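Mind docking chains B, C and D on chain A? Use the hints.
4 protein chains.
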Amino acid sequence: MESKKIKVGVVGGAGYTGGETLRLLVNHPNVEITFVQSRSQAGKKISDTHRDLLGDCDLVFTSTHDIPADVVFLCLGHGESKVFLKDANLTPATKVIDLSQDFRLGEKSGDRSFVYGLPELHKEKIKKADNIANPGCFATAIELGLLPLAQQSLLAEVYLTGVTGSTGAGQKLQETSHFSWRTNNISAYKTLTHQHLKEVKQSLNSLQSATEPSIHFVPWRGDFSRGIYVSAVTKSSLTLADANTLYQNFYQDALFTHVSDTMIDLKQVVNTNKCLIHIEKVDEHLVVHSAIDNLLKGASGQAVQNMNLMFGLEETAGLKLKATVH
Amino acid sequence: MESKKIKVGVVGGAGYTGGETLRLLVNHPNVEITFVQSRSQAGKKISDTHRDLLGDCDLVFTSTHDIPADVVFLCLGHGESKVFLKDANLTPATKVIDLSQDFRLGEKSGDRSFVYGLPELHKEKIKKADNIANPGCFATAIELGLLPLAQQSLLAEVYLTGVTGSTGAGQKLQETSHFSWRTNNISAYKTLTHQHLKEVKQSLNSLQSATEPSIHFVPWRGDFSRGIYVSAVTKSSLTLADANTLYQNFYQDALFTHVSDTMIDLKQVVNTNKCLIHIEKVDEHLVVHSAIDNLLKGASGQAVQNMNLMFGLEETAGLKLKATVH
Amino acid sequence: MESKKIKVGVVGGAGYTGGETLRLLVNHPNVEITFVQSRSQAGKKISDTHRDLLGDCDLVFTSTHDIPADVVFLCLGHGESKVFLKDANLTPATKVIDLSQDFRLGEKSGDRSFVYGLPELHKEKIKKADNIANPGCFATAIELGLLPLAQQSLLAEVYLTGVTGSTGAGQKLQETSHFSWRTNNISAYKTLTHQHLKEVKQSLNSLQSATEPSIHFVPWRGDFSRGIYVSAVTKSSLTLADANTLYQNFYQDALFTHVSDTMIDLKQVVNTNKCLIHIEKVDEHLVVHSAIDNLLKGASGQAVQNMNLMFGLEETAGLKLKATVH
Amino acid sequence: MESKKIKVGVVGGAGYTGGETLRLLVNHPNVEITFVQSRSQAGKKISDTHRDLLGDCDLVFTSTHDIPADVVFLCLGHGESKVFLKDANLTPATKVIDLSQDFRLGEKSGDRSFVYGLPELHKEKIKKADNIANPGCFATAIELGLLPLAQQSLLAEVYLTGVTGSTGAGQKLQETSHFSWRTNNISAYKTLTHQHLKEVKQSLNSLQSATEPSIHFVPWRGDFSRGIYVSAVTKSSLTLADANTLYQNFYQDALFTHVSDTMIDLKQVVNTNKCLIHIEKVDEHLVVHSAIDNLLKGASGQAVQNMNLMFGLEETAGLKLKATVH
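Residue numbers (the numbering used here), protein chains in the order written: chain A, 290 to 615; chain B, 290 to 615; chain C, 290 to 615; chain D, 290 to 615.
What you were told as hints is all true, and nothing was included just to trick you.
Given that identical chains are not distinguished, each listed pair holds provided it fits within a single copy or across any two copies.
Straight-line distance between alpha carbons at most 25 Å, and here's what the computed BS3-like set of lysine-lysine pairs gives:
1. Lys609 / Lys294
2. Lys524 / Lys487
3. Lys487 / Lys570
4. Lys371 / Lys397
Hints are computed from structural coordinates only; laboratory data are not their basis. Model, not experiment: these values are computed from the prediction.
Only chain A is shown next, with the shape it has when bound in the complex (with noise of 0.2 Å):
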């Protein structure tokens, strides 16, 4: 029944997303993959980058992507997807999904239009979508949290603050994720200006479109590689149960995001696809916690779920992850 699978070629895979991505698709049952290409490791095996692929996979990286697939991934630096889609020639007929942030606010690339690829959102579009642009890590988080409320336009000022892991920074040496810095530290950044602000308004808009929602949002550098946790307060007339319902209603067909009854912590999301969310309720505020793996649900896991979504195949082909939690 597999029949045929499909075949993926990976931009930019030397990079953590990269890499995370060949660690979903080195296990997926409906793919094959055709080319890994990376300018720095051109020539070298996969296995010696990512090392934990030891004994998974004796791939090599090519420098070339001119080698058939059906979809490819985008790996690449933030401006990066841009110039190479510009410069590659992909047929038409190969989809594109991009784990950048150039094409999340309805940029094109020549004829290439693109879906914002957050399925508790646009699944119908994603099903019929070429060419995909993955969400932010942050940006998937928040907008989790919030979606429901502006579906019903109940959102007017809100407050968050987020904590990502270290690999939200990818692997650039600098120096706020040198280990020395960074363990047992916690520093806020890019104060109420952190870019993924513009896609969560744009998500936030498309459901409340009469009164634009305000976002406040503190990101913070956490002392942990991985996750996002998000806290975001909020007026609110509805009670906990109302706001409970109208969440798990949002939800009912989301295959990753869950609404929990007890108080979430990072780690239950930790190497899975998930996001949870967990809601209180104090005096007149209204309080919505979400968590994600900011390289799974926010980058590479669900830029997996995307391609399942896109090619017809099971949502979580592939993406039954064993989470890590202790």
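Frame of chain A; chains B, C and D shown alone:
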């Protein structure tokens, strides 16, 4: 010249704040420790419990507190200080510094009334005080972040998120302090209902009496052992320059609280008695970040600072501590 | 085609190895979980204890194990498996995989005799076994590092140091698993006397019978939750090339144990069922480094691998796990 | 009485050992810092680089070292101290404490010859020294663990494993100090070939001259920023009691090195200048565990201890440090 040393007793010396108080007192130039009481460890060497003190301290825990002292530090659980003082029959001349929350809101014990021991707010009162209610850890970080705005009656709605190290929960074994759970994890708790909010409001109201500010605080458990980091967001018409001037002026005489003109991170203050503050302004919102070591400026360090003030010592005596930083 | 699923029961499902076994079984393609017994959690949802399973598993802990199963995993404390099997009245047809140390040294339970479940050593016996004594975590890492040398009777004096994650000590709350103690800490324990040495010697002696090797092992508690890393040092006249050939040959049919020609690190194997090995030669000493995930190859993963072998399934079924790595 | 302060200069003040030396010197009662040189940071405020010093230190990095000083600390990379001293034209009266490995093996710089600055071994020589070669971090932990046995000529084959924090690798950005790699990780390096073995052998041979001990040392990279923990295993006919007596006697005058009669852990010494030692005996093997803070007793703390001895100050001046412990 250091004429006479102050005789100091510690009650409840086996816990985290007891241990941290002892670590400061053994090196304090003006202090003689006359007893360290512990019900659970009476008769045992202090360095068997606080094992880093091996080589620094030959004292033994006593079962009694009935040994003359000029001042007694109460390092007891919440509720236990009240009981202790009722039963203890301390001589009236013995001063008390209580690290629990039992007397922070104006409670009295017999004839003893307590000054809230935040030197940045009540330095002159502390100098004359016989009894100190030492502030809570989150309360210290939040108050130091907001007091200058309260002084100018500029606080309306404030949204805060704070993260605390595991030592904030004491040495009791519990699920959320189990290493396998807590490492690499983040989790919210006591959302908008943390017990320190009462003393925070009391302190803010003491400066801003006309209109009561609304303080919305989400505490998180952090994946580190020491430190508190808080980001507070509030609307304000102050310019950034005016805000910085306001804070610099408010803290010009503070020896441990400093305003940083660059972003702060938690480890700048770990293992010190400092509070560091950094202010940002984005559109109409002012964001104030503050950081302390929860066991020092948030507990034992501030307690010793209060002792120094009460006894006319150098305010920094015994508190020039080397940061761990890396 | 996947014809009939194996009916599996888990006894002691609320602990760490119970949880980890469940995380594997819920995604195993050839398994139907018929019961998960727990004395402490009977009647409660499994996902309330193993909270990462929210959305993956709707089962409830049972108080009874009296439900038909083809195989039962015993995830009990040491000593408890013996008691359980004595009292449990399992049907003779029910196979048993015991994760405790109760039957690793040839002990029997009634008519049940146990095969030591290290596939790299006893694969053919395991395929025919009705009862498996699953190896200890440190024992697995040490044996896989030394078996090829034992096969050639090359072991004399071996000096090893190993470090283990906190999950090795289970979920019981104790001082050395308290976050505030364990984070950033290292400490030796059970120096040269670790209980796993008995099974290590038994396995080594099964290959090197003439002269008994002397195994000197210093275990350390590590500042992480998952994984075991062991460095073994021994005199040897083998060249490095010969040693590598010996190990490559010994493990040529092993699906989870791989020899790396570059230095290994712990996270290459975390959250996988792999054992990675790297060999060095300096002057007259051979040094063998080995790494496993203590909860997987060191416990639940190897248990499932044994089940696969016992029931003629693909040896890797349900065990193609994505490493956490970052 | 504190009459005149010693004038101290620091060369290479922007790195980790430079920063740690400054953290000690700013609070040292007998020291006046006359300059802190840094090529990379000249002209900038010290507290902009060592950000925990905000509020403690208003000095600015100089480009020159040409400012009078009684003693200069060289906090330079290996190889750079030699070059510096050749070019620097220090006045002959200026004493030198070099933290690099350039002069630990008897090397001279012009007329300057260096005393190996391990006070437990060479205290009297240090008191009279004009130039100190400060020991390496691993070397300090290993030597302090073995010197008493060497004194009795009891060392033959010794097998050691040691683990070090990330600060041991300095502040240079590299793959193995990247947070996402190092957190939760362990890895061996420089197996049996660590460069500190040379000075270790030199020190052991100075006490045990007849037969040279064989030292086999496996270093590991640890998942923490500060500290070194070493376990040494060697055959010995000493009883445990005799071994403890030997060590107690050897270290009876040592102010920072203590023998613990219970198991030690790393955090007992973190952020202190101590070395703690614990001895076990199992069958014919003696096991000696030793722990230090690599930046203090393993670098800057020992350097200041040496300065205190050279200038006739209290040996503990400026070194009564509060452990971080939790």
